[in-house]
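Going by the numbering used here, the sequence shown opens with residue 1, and the numbers climb by one from there.
One should not assume that every hint holds.
To be verified - Ranges between beta-carbon positions, derived for each pair:
1. Glu28 x Val98: 22 to 32 Å
2. Leu19 x Ala51: 42 to 52 Å
3. Ser141 x Glu21: 17 to 27 Å
4. Ala62 x Pro109: 17 to 27 Å
These are computed hints drawn from the structure, not numbers from a lab.
Ideal Cβ placement from N, Cα and C applies to all residues, glycine included.
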Amino acid sequence: DAFAAALAQLAEAGLTDDLIEVALPDIEDLHEIFRTLQSAVAWATHGDWIAAHPGALSDEVAARFAFGATVDSETESFAQLALELARERIESVVGDRVLLLPSASSIAPSTTADAETIEQVRQSTLRLTCVAGIAGRPALSVPMLTVGGAPVGLCLVGPPNTDLALIALGESLA
Numbered sequence: 001d002a003f004a005a006a007l008a009q010l011a012e013a014g015l016t017d018d019l020i021e022v023a024l025p026d027i028e029d030l031h032e033i034f035r036t037l038q039s040a041v042a043w044a045t046h047g048d049w050i051a052a053h054p055g056a057l058s059d060e061v062a063a064r065f066a067f068g069a070t071v072d073s074e075t076e077s078f079a080q081l082a083l084e085l086a087r088e089r090i091e092s093v094v095g096d097r098v099l100l101l102p103s104a105s106s107i108a109p110s111t112t113a114d115a116e117t118i119e120q121v122r123q124s125t126l127r128l129t130c131v132a133g134i135a136g137r138p139a140l141s142v143p144m145l146t147v148g149g150a151p152v153g154l155c156l157v158g159p160p161n162t163d164l165a166l167i168a169l170g171e172s173l174a
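Sequences are here, hints too, so could you generate the full structure?
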């Protein structure tokens, strides 16, 4: 497993002495919260333009905006409350530590991959990457190693307002 290999590389460098495993909220729940709020905000921001320019977006992107158009205020309010609760939960288990996650769910799809495969990889990766956005924390992907000729990144998710410190940590690992 590439993530385990990246952690092993950190251990060899003596950087995981105080590494602990934390129990985050359910990743599917986090993804649904993120997808709902992101889609609602995107539609509120760009919906008028999209409605005035039919066919301007790819089918995949248009489908995501179409979902945003269906998010009513009650659903959005519920998702916002769920986000706040999830953020509190993440804060309670991570605190001021740096959270380590895989940067992506898998290797990148091939350039000949069909739209369904690309969307599956995109959704799987969003399930991982939405954690930082929901938590309101900066995130940085650091290339750690190569597996099968493909780069493997480790996502560092720092405490809120530690962007520059996170970049410095990333530089020390790269």
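Here's how the hints hold up against the structure:
The given range of 22 to 32 Å is respected by Glu28 and Val98, whose C-beta atoms sit roughly 24 Å from each other. In this structure, Leu19 and Ala51 meet the distance hint of 42 to 52 Å, their C-beta atoms being roughly 49 Å apart. In this structure the hint that Ser141 and Glu21 lie 17 to 27 Å apart at CB holds, the actual value being about 21 Å. Between Ala62 and Pro109 the beta carbons are some 20 Å apart, a value that agrees with the proposed interval 17 to 27 Å.
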